[in-house]
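With chain A's structure known, arrange chains B, C and D on it following the hints.
There are 4 protein chains.
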Amino acid sequence: MIHFNCDYSEGAHPKVLEKLIKTNLEQTAGYGVDQYCLKAAELIKEKCERQDLDVHFLVGGTQVNLTVISAALRSHQGVISIETGHINTHESGAIEAIGHKVLALPSNDGKLTAFQIQTTFDQHFNDENHEHMVQPKLVYISNPTEIGTIYSKAELTEISETCKKNDLLLYMDGARLGYGLCAQDNDLDLPSIAQLCDVFYIGGTKQGALFGEALVICNESLKKDFRYIIKQKGGMLAKGRLLGVQFIALFEEDLYFEMATHANKMAILIKEAFIKKGYGFLVPSTTNQQFPIIPDEVLKSLKENFEYCFIERVDNKHSAVRFCTSWATDLNAVEQLIAEIERI
Amino acid sequence: MIHFNCDYSEGAHPKVLEKLIKTNLEQTAGYGVDQYCLKAAELIKEKCERQDLDVHFLVGGTQVNLTVISAALRSHQGVISIETGHINTHESGAIEAIGHKVLALPSNDGKLTAFQIQTTFDQHFNDENHEHMVQPKLVYISNPTEIGTIYSKAELTEISETCKKNDLLLYMDGARLGYGLCAQDNDLDLPSIAQLCDVFYIGGTKQGALFGEALVICNESLKKDFRYIIKQKGGMLAKGRLLGVQFIALFEEDLYFEMATHANKMAILIKEAFIKKGYGFLVPSTTNQQFPIIPDEVLKSLKENFEYCFIERVDNKHSAVRFCTSWATDLNAVEQLIAEIERI
Amino acid sequence: MIHFNCDYSEGAHPKVLEKLIKTNLEQTAGYGVDQYCLKAAELIKEKCERQDLDVHFLVGGTQVNLTVISAALRSHQGVISIETGHINTHESGAIEAIGHKVLALPSNDGKLTAFQIQTTFDQHFNDENHEHMVQPKLVYISNPTEIGTIYSKAELTEISETCKKNDLLLYMDGARLGYGLCAQDNDLDLPSIAQLCDVFYIGGTKQGALFGEALVICNESLKKDFRYIIKQKGGMLAKGRLLGVQFIALFEEDLYFEMATHANKMAILIKEAFIKKGYGFLVPSTTNQQFPIIPDEVLKSLKENFEYCFIERVDNKHSAVRFCTSWATDLNAVEQLIAEIERI
Amino acid sequence: MIHFNCDYSEGAHPKVLEKLIKTNLEQTAGYGVDQYCLKAAELIKEKCERQDLDVHFLVGGTQVNLTVISAALRSHQGVISIETGHINTHESGAIEAIGHKVLALPSNDGKLTAFQIQTTFDQHFNDENHEHMVQPKLVYISNPTEIGTIYSKAELTEISETCKKNDLLLYMDGARLGYGLCAQDNDLDLPSIAQLCDVFYIGGTKQGALFGEALVICNESLKKDFRYIIKQKGGMLAKGRLLGVQFIALFEEDLYFEMATHANKMAILIKEAFIKKGYGFLVPSTTNQQFPIIPDEVLKSLKENFEYCFIERVDNKHSAVRFCTSWATDLNAVEQLIAEIERI
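Just so you know, the sequences run in chain order A, B, C and D.
Quick note on the working numbering: the first sequence kicks off at 1 and runs consecutively.
Quick note on the working numbering: the second sequence kicks off at 1001 and runs consecutively.
Quick note on the working numbering: the third sequence kicks off at 2001 and runs consecutively.
Quick note on the working numbering: the fourth sequence kicks off at 3001 and runs consecutively.
Only chain A is shown next, with the shape it has when bound in the complex (with noise of 0.2 Å):
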């Protein structure tokens, strides 16, 4: 069984651990105040060209994403997304369990617009009644999206200029970070981003390591008390050299980008495979993850040898599924898998 299903499947990359290995019997500080943290922190403030950056690590996306929230709103705050955000639907209800309702609005691509940001603003802030609603205070979109598309730099500026003139904060949850800034029709990097975006996240998890996200918090009023935070909801590692080692594995060599383009190119590979077989797609996608619609014969034939994610039907015949690639897959796999394709 070879498994397509997410990008999470493996451990690390090997010179990760191997990074881990080299260090295990140090003494360091805990907590995340050690020097390899603090190196890492510098390595990736080197690659955002600002110095004046705040970056801690945690260990899990949600984790990352309920502290932000929890540490920017008041409580009669929200959070606008759009539906298919991981917040609005996959975390279990963890925005809401520290009191924040997720202002969903639709998407066909998995992407926010300025337009919409604006306009729910002004919906909110015209109603005479808006002291009975939630008022919209913090922006968060997925680089890449859930489902595989990107931001491009004017729209990323667009929906960064609307924030600001709004007094809105944006945040952009970078899980996959790595496979966005590394598609081949992508314009931003992360100086861009850091210019942007008021805090964002770089991920590691789904991109090489064994577990791990930095985040970033540019902007000065979010910097405040926020390792008080990290602690009360649980994202506070006592070894947290662990998250400083890993991180220094992924940068100081560009490793994070290998990979990405690695897992790009092969999950391009897959796409084209696809099209060559005439199917279409849920959306157009450039990164790690493609969503064939796929007729549900062969879908059941594929099923036999390869691990893939169901994501909808599509119509009472055919099915929108995801392929998802990572540093981890081998060229050799996903040969087979097209091998497959061709053969059905």
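Calculated directly from the structure, the hints in this document are not laboratory data.
We put the beta carbon where it would ideally sit given N, CA and C, even for glycine.
Be a bit skeptical, because a hint or two may be false.
Stated by the list, open to error - Below, a sample of chain A positions facing chain B; criterion: calculated Cβ distance under 10 Å: (1) T62; (2) H76; (3) E91; (4) G93; (5) A97; (6) E128; (7) N129; (8) E131; (9) V134; (10) Q135; (11) F310; (12) H318; (13) A320.
For chains B, C and D alone, coordinates are given in the frame of chain A:
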């Protein structure tokens, strides 16, 4: 200026006030365990034709909603509601602030259907990632709905059966319950509501009391320790007898129903005037809220002497607005409005 | 049976009720933005001799406390209070339910000292693990305290300066503020309280209103969006004018202070009777709550005609109890009690 | 510099790491339902000699505590703990942030007694205002305690019986459970803990794992839907197998107990050196944490080569500090410390 914008523009019905005056200097126990609250609870149980009910008196609707939902749900559970449900739109995120997601479904007529509930339930439990999603557990409906429509006995029965089958709790927000029960096309009554719902409330604030809602808990599993949670959420009135006294006034001689019948009659007169004029409605309503769609220049003219409530733009020349009556609506005021409608 | 167990056994002072009756049929805007609320707010600002205050009217004390604290704190911050503070003992965990720890300190006389506040603050920030602890941010005091004692102007000034120095917010729970301000040994007044506190409330429920508390926000940083949070926590009364009307009655002719002065006088008569009898007190109180320590057999006898409130066992033959007066306490009733005390 | 300040200064025991390396490239399911987690759960159930247990693996202790308590309590319920309990002091208000009060009781030896629990319970339910107070529902104990002491089987049995009698849940925080179970004077074991507690966890982070805690749910009523809440609170590790793999390494060959025994031995050597020197202790401890009371000038000298943890000032010339050992503590390092103690 004559107010048709809402049903809480005045104080209380004179008979309610009279009873408050008469009992004003008596000394009673505090916090809702006095003889008046006990008697009012008895009256309501009689009207519901069931003795095994717990009745609590709270001050306002948002308070009741958040207290019930906090008492009923575990942290990973959410509330099914329609998008225009009061808890989803006009309570400033009260439900999220106590930790729960509102799972909002679309509706054209303001009503939830048994089919929608079953579908939502099935989608959740059939999803292999359901542990990553909010678990639907309580169904919230308003009767009458936020746009004046009412549930038939058949509809409520089907909803109730769907809930029971799937171990969901059914909660009816009855902020305007009287108007619904007294609508000409209504076939529900208090005994059937107490049979079909797990918990519901009988609104006083919008139906002739100074303030106050009578919460009726039918399901045994929801009764335990409920008063702790009323107190915790700030809903336990020190001079609780004020609530008991008012509900006695409302129910000892069917004043509650008389007032609602009057309000509905006034609303139908207004409705007919708009129909005669050829205007359409957002939805057909037989209760005290009417939602005509009116040309902008007509609205502009009406605004000079009458307060109504803006709902939404329908097209670039028309808006839907709300005209609302109550126990206090004077026939004379209605006739002035009708004359004005006919005149324009 | 004569009630001395609490100060909310009756309804409202007749003048308060009269004003409610007189305005009952007027049509006003809802939710506290009507002319009566505006006028009542003006009256209170005049009494405080400051125009830059925000005044909000809420129904009850627990509601006010949880709304203020929710509005003031971020999630990692807590409230300094004495152990017997109302928020720490008698609000069913309302403060924790909105996410905040009460950092409770011991006290013999019901009062917090500037020294305790400074020590708590220093301990926190000097601890190298302070990010693992709740950060003290708001200081909660009650005046009069839960056991009837009052703060002097010197004490409150010292507390206020300590708070300002350490960037802590000072909040005074004034559920019984009038009794404090009218105590014979009091040297505080509304202007000095508005100067020294960041936020405080003037209690109505226990001082002659049917219900209602007037919250006064002095610190600019606490004013923003406050009404959203009142609504979210269920504290926004639909017929808000009921609160405005009552506070006008209380303050337009100093009725508030007259009633408190009467209650205190009645309490002192009772106090003197107990002193004459040779009984001690939990603490010396000059306000409407007296806490005599009484032999059990005497209590048993008193219980036949008088309701009081049990506080605690002092030794195996004595208990401390509370006798409480109010605006409604009749001199006749007090004389009966005194006669009974002398008789036993 | 040699670290005796905590038991999480290093990475993982080499055997734990080895197993992670060996399984690194395998593809498994995510979120803790892989074969390694299942096997680790089996091992733990065997050690507990009970099959009807639910075992969940989480990353850290605060996360476990807040998840368990959120799953177990309704909103009006609180947790009985001693004042120095980890949840009361060093989790940045995590328990309050999920809505629950910690009802903190004093203790000299870090342990809660059955008598204290019964008294707290009785005081609550005998108070006529108990609905205005937080209801005690869960008892939190740490074993070993935060100051190194351990519960005897007799003590735990008495606590357990008191809890059952009063319908209270008993939860044991076992962040350092191994050190307790391997202490020379211990008479508890995993089967008896699983019998006496409703829920407990076996700590990995402080006992040789990179990270990870194994939560064991014994009481049927706590099992339902638990994984939803792990996910919601941010505690569900994507590559869950990392936890399973580590706990297999810890328990398949009793490595867990070997490491704890070693750490305790090292601690006793240090303890004896201090005793020999004539120093007293905060409490007598037989586990890996020792709390000697040391003259300030001696501490100053020790600080040059050894890291310890400051606890509190005892008088103006002495402080209590913590020396802590772990699986990684080298005999050589201990001997250097002892030599230094003797030398001074």
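* **Enumerated hints in conflict with the structure, sorted upward** => 12, 13
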